[in-house]
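Q: Chain by chain, the residues run as shown.
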Amino acid sequence: MKGIPTVLITVSPEVSAQMRPPRAIYPKGFKIGNSLGKPGMRELQREVLRNALTLFTEDTRPGQVVTREYPEYGEYHEPPRVKK
Amino acid sequence: MSISRKCVPFTPFEGELSKATVALVTAGGVHLKDQEPFNIADELGDLGYRVMPEDVDPSQLMVTHHHYDHTDADKDINVVFPIDVLRDLQEEGFIRGLARKHVGYMGYTMQLKAMYEDTAHEIANEIDKGSRADLVVLTGG
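Protein sequence lines correspond, in order, to chains C and S. Here the numbering used here is used: the first residue of the first sequence is 886, the next is one more, and so on. Here the numbering used here is used: the first residue of the second sequence is 98, the next is one more, and so on.
It is possible that some hints are incorrect.
[Said to hold, decoys possible] Using 27 Å as the maximum straight-line C-alpha spacing, the simulated BS3-like pairs for lysine-lysine come out as follows:
#1 C:969 <-> C:916
#2 S:210 <-> C:969
#3 C:913 <-> C:968
#4 S:210 <-> C:968
#5 C:923 <-> S:130
[To be verified] Between beta-carbon pairs, the in silico distance windows are:
#6 C:967 <-> S:217: 14 to 24 Å
#7 C:960 <-> S:211: 28 to 38 Å
#8 C:959 <-> S:207: 28 to 38 Å
#9 S:187 <-> C:969: 17 to 27 Å
#10 S:136 <-> C:928: 35 to 45 Å
#11 C:955 <-> S:145: 28 to 38 Å
#12 C:942 <-> S:133: 36 to 46 Å
No wet-lab data here; the hints were simulated from the structure. Beta carbons are placed, not taken as given, at the ideal position from N, Cα and C, and that holds for glycine.
Bound conformation, chain S alone:
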């Protein structure tokens, strides 16, 4: 897959939200407590990402990111990674359900080319393969 630099990579959606499965991808540095934290010691940033499952327990999530104040996310992860909110919308029938995979990465890097050409593709492929996502919601910090 290639991402165009010249035009907006717009993918239309012609379905219904109530039949759609949604994945979250956040640049807010969210990951499971038992996953390796992002490397905030490296001034160039961390190009990695972490995959979280559909049934992730929000109490098992944490934030590793030193370029925004995540005090509020530490109290309620939904302010940057709305996993419980998505479950609420599933319950009310607004969407069909949650994708099998959700992704967190640290949206700070001095290695923009590698982020754009490698990490972004890897995340897209991760979502494309086996997540069953019809739609993706992207959030920052």
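If we strip away everything but chain C, and leave its shape as in the complex, we get:
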């Protein structure tokens, strides 16, 4: 097989970056358990998924996590840090 293109939606960007994902998006400030947003926020969920899928057609740097901001989420949660 030749491989399958993937994109990761992560709310733990530092942790995910350790695995050097081919494409990844971090919805800034979303808490763990809310990768696409909050329950019922369907338009926000659609926007996050559209933005994730759009990374397949953009020039991204493999291994890098792209940060996107969604003010409509309405909260900011500090993501987990990698212990050094």
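Given chain C's structure and the hints, the job is docking chain S onto it.
A: Relative to chain C, chain S alone:
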């Protein structure tokens, strides 16, 4: 198939999203209610995975995972497993459609080598064989 440890396993996509079929693979512990739950009693974690069909009914899904708060996913599975969201994007023509198979596993294990060398390969092969996925969206909890 082997997964390189040294370089990023980047597979290019040269098609169009509007012609692509998409599969979901989540580490959020999502599975069908009538499938065997993940084993949260084992401190080493559960290396298994569950396959969900294209026409899966979200009301028949549940989460078994004790390393994140899945209260919100219990209310709306789309916050970790955006199956209805994917259907919306199909309807609006953003993507062509959903793959025949989607996968859930419990993204917690102390058996990292086995997860990396066995489970990850099995999931990739599952998607590769018969799912008709052009692209995969990965989500955590």
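Q: List in ascending order the numbers of the hints, as given earlier, that are violated by the structure.
A: 9
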